[in-house]
Amino acid sequence: LRFELLYAKHGSAVKAYVLRRAHASLADDVVAEVFVVCWRRFEEVPPEPLPWLLGVARRVLSTQRRGERRRIALCDRLAEVAAGANEQAPTDLLASVPEAGYQALANMADPTLAAALARLSEAERELLLLIAWEGLTPAEAATVLDIKPATARVRLLRARRRLTRALSRERSDLTTRQSLSMEAPS
Amino acid sequence: MSIDSMARLAAADPVPELPAVESPERLRRLIEDDAAAIDLGERRHRSSSTNRRLWMRRRWLVVAPSCVAMSVVGVVLSSSSSGPGVDVAAAAYAATSPQQGIVEAVFLARVFKGSQAGGTLHQREWIDSTEKLRRQQDSTTGPYGDTHETHVLEMAFAPGRWETWSSGREARVITRTKIRAAGLEISMGFGGISMDGVNGIELYRKLYREGLMRLIGHESRAGRSLWKLESLPIGYASTDHTRLIILVDPKTFLPVAERQIDIALPGHPTMVESDLVSYRHLPTDEATAKLFDLTVQHPGARVLARPSPRFRSLRGQQTRLTRSLREQRNLAIRRERESLEHKR
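Respectively, the protein sequence lines represent chains W and H. Just so you know, we're using our numbering here: the first sequence kicks off at 18 and counts up by one. Just so you know, we're using our numbering here: the second sequence kicks off at -15 and counts up by one.
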């Protein structure tokens, strides 16, 4: 019963986290996998379970991404064998698998913000998104990322500064591009 | 400025509202499979005889407290206000006890995992407890190569004999085998689930008599809250790890659905779920008496008498009889497949 209540209470939040970072077709599978892990390790679930669940979801997504990259790499190797050693095998497929957090940027409607976020490191970006989108406190975000709360606070401060700087740089780049396009002969 | 950037980030949330999640049913199935996988993990360590001995010792350490815990749960469930108030397993046994007349049960079974996944079994079962008669009709549809084929198999059990009939090339023959030993029960077995292994009401009753069924809680199904009974994860053979789950109606105590999970083959758990489509009592009269006679049901078929098997002990008789019956069924299915291939 406790488990069912947990699922009813936090299932949607976990699904929203997954939808922000992965393709919609994967969401239900990932959520199910997260709660299977939760059922298996039910004694380890803390009293405030959401950050713990999001931490599991983060690892499940990461494992899935690694599996997908391995599968594509294997396909490439098989294609190499099929095409013969002399011919160039297609390698751009591997690049199509997004790195952690990049899927979230692809889903964003604001291109300037997406470009500014892309300038940050994966750890900084994930921390900012956990606070802005999941509504977690720095201490809760630290649980998700498996780091110390103090580390999370310092990293958050640095990440905010870098995001602000990246946004202003993106704005100036945009202005420059617009003025160049206006000066260019038609 | 940093506040602005965070506000802008929050406004760019691609999922502003919490999405709806799936019903917990699929999750429950995953968890049951996961439990099966955990059991498999334990079995993998039984490679050497030393490990096996250790496991046997440890198993008692696990089984004994589990049994105590189950008993406590059972007592709590039966005594608490939210519990059933009655022994659900016993009530289900009583509800399915053949009274005067004939019982007819119809099941629809589906295979969800395993080599026969996607297959369905339509099973009808007639029981006359007064005359100790039973007939079972299995209509199996499943994937055979590129096609889905349907195969019908019938078995009739009576004191001193059993008869089988199957569709296809064997349809003109009813095989009758005499049983000399008194008190010999015929069981299709409860280990290594296949479509042949679903035994409907009889299987539950047999497991209950052996003290293998227990109440573990309740489960919602199609908006109804049903009592959930589960067998111990053991079979008749030492290698069997099959479990039977029965969902029981809280008012009539009749089984609404049965679920079998077989984890005997590592990495390939099989799951069969069968729904009780109908359950009714028929009067004993001339017309219903014919239900148990395969020669009446299949008038064109001739009876082929098989010599009575001779057995040394009752236990040996049981094993060999079950094996012989299984072999007979498998042979009939194989012949029918060959005949279909030959026609093509």
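Hint data in this document are derived by calculation from the structure and do not stem from the laboratory. You may find that some hints are simply not true.
[Claimed, not checked] Taking lysine to aspartate or glutamate and the EDC-like style, the derived pairs with C-alpha atoms no more than 16 Å apart in a straight line are:
#	chain 1	residue 1	chain 2	residue 2
1	H	LYS212	H	ASP259
2	H	LYS212	H	ASP71
3	W	LYS26	H	ASP259
4	H	LYS235	H	ASP71
5	H	LYS274	H	ASP71
6	W	LYS26	H	GLU6
No experiment lies behind these values; they were computed from the predicted model shown.
Verification of the hints:
1. Taken as a hint, the LYS212/H and ASP259/H pair is honoured in the structure, with Cα atoms around 14 Å apart against an allowance of 16 Å.
2. A C-alpha spacing of about 12 Å is found between LYS212/H and ASP71/H, which places the hinted pair at or below 16 Å, so the restraint holds.
3. Among the hinted pairs, LYS26/W with ASP259/H is inconsistent with the structure: their alpha-carbon atoms are about 31 Å apart, more than 16 Å.
4. Distance hint between LYS235/H and ASP71/H is fulfilled; the C-alpha atoms sit about 13 Å from each other, no more than 16 Å.
5. Simply put, LYS274/H and ASP71/H have alpha-carbon atoms about 36 Å apart, too far for the 16 Å limit, and the pair is violated.
6. Under the criterion of a C-alpha separation no larger than 16 Å, the hint pairing LYS26/W with GLU6/H is consistent with the structure, at around 13 Å.
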